[in-house]
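Chemist: These are the residues of each chain, in order.
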Amino acid sequence: MINGMKRPNHTRWILVSLACLAISLVLVVYPLYVIRPFRAQGARELMVALTVLRFRPWLTVVSALAALAAAIAYWPTQAAMRKRMLVAASALLVCVLAVLARVNVFEALMFHPLEHPAFAAAKEVKLDSDDKLIVVRINGSARAYPIREMAYHHVVNDMVGGTALVATY
Amino acid sequence: MRDVAGRRLTFHLAGINNQNFLMRDEETGSYWQQISGTAISGPLKGAQLTLVLSDELTFKTWKAEEPAGTVLKEAQKDASEYEAKDWDVHMRTRPTVIQFPEHGMQPRDLVLGIRNPEGSRAFLYDRVIKEKLVKGYVGAQPVMIVVGPDGQSVRAFRERIPGVDAVPDFYRLTANKPGVLLMDAATGSEWNFQGCAVSGKESGTCLERTPMLKDYWFDWRNYNPKTTIWGI
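As you go down the protein sequences, you meet chains A and B in turn.
So that you can map any letter, position 3 of the first sequence is 3 in our numbering, and since no number is skipped, the others follow by simple counting.
So that you can map any letter, position 76 of the second sequence is 76 in our numbering, and since no number is skipped, the others follow by simple counting.
Keep in mind the hints are simulated off the structure, nothing from the lab.
There could be a bad hint or two in this list.
[Claimed, not checked] Here's a subset of chain B near chain A, in silico, CB distances under 7 Å, partners left out:
(1) D3
(2) T10
(3) I16
(4) Y31
(5) S41
(6) T70
(7) Y82
Cβ atoms here follow ideal geometry from the backbone N, Cα and C, with glycine treated the same way.
Construct the complete structure from the given sequences, taking the supplied hints into account.
Modeler: See the structure below:
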């Protein structure tokens, strides 16, 4: 109590900050945990993880805005500097998680995509006779995708003979 | 094909599901299973990509068939990451997260899978390469798998000659005649590796191609639970 008036309780801003941090951590970590190589994926957990992936870019932004609002509301209070710094740091971490939520680790860290695939004439390409290719022929146009390259990139968006296709391996 | 429901989709590698990868399209954010081409999550859930007929051939065989063809170029910055030759063979010793040990099959046994509305069948790859010509049925559909002159390239066809009622009874010619691989007993025509008759009564006729997938047993079996097996 100060001069007979009840002291404002700013604990709620700490709770909001912690809740946002917990939610954002779960949104980022859960799909990483479920959808990782050399681990069996159950049907239900996979569906949950994919749903989280679809909505987390926006959910983590909302969480970051809420964490920032809590930090801004909490900063001018008469709480100890240590507590105010912790709430601020928590908000910063939630913002970082909002950025990480948009990172596709499979392309960013594991297998770089072919954003602009390029092609060469068969007679100009230097491949061994026994190099294996995935080949298609559409409307008179023949295209080949060396398996050595496809085993790394996995996905190539392409147009062959006027048909839009995606080559996968 | 990546035109679906009036939209052209752009795909990205996005995850893995029991060692078969997932893709995500930019336009709707839907997730697709690579082996089936089916959207499993998102606004397009249930949609199906149309399969484009493809082959796995050696460069030598393909270049002879398609001298005007084009080849995907290496991305120089990633070239050091590319796999060694026979990547699928080298992978045989790697563990898998799911197994289907029926019939003594090992998880990473290579198979050639054929599927139609009537059924599915896995043809053991090593046996097919050794036999060079394999005939069988998938459901009620007669199929024929042919190994090319290079001993590595493989194609599958419907084992019926269009317009001919008789069972063709293809067999492999042992004489080394350029451009000729098979003969059929029904019409006496000679056929090349592309499944087209180059001489005889059916000259100019081509066999109907059958889509075929080269896959590891565990993956094929996971998505074709009722599959039969040839070659064990």
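Chemist: All hints are to be evaluated individually against the structure, with a verdict given for each.
Modeler: Hint by hint, here is what the structure shows:
1. D3: Holds, about 5 Å.
2. T10: holds, 5 Å
3. I16: holds, 6 Å
4. Y31: Status holds, d = 5 Å.
5. S41: holds, 4 Å
6. T70: With a closest approach of 4 Å, the T70 (chain B) hint holds.
7. Y82: holds, 5 Å
Violated hints: none; the structure is consistent with every hint.
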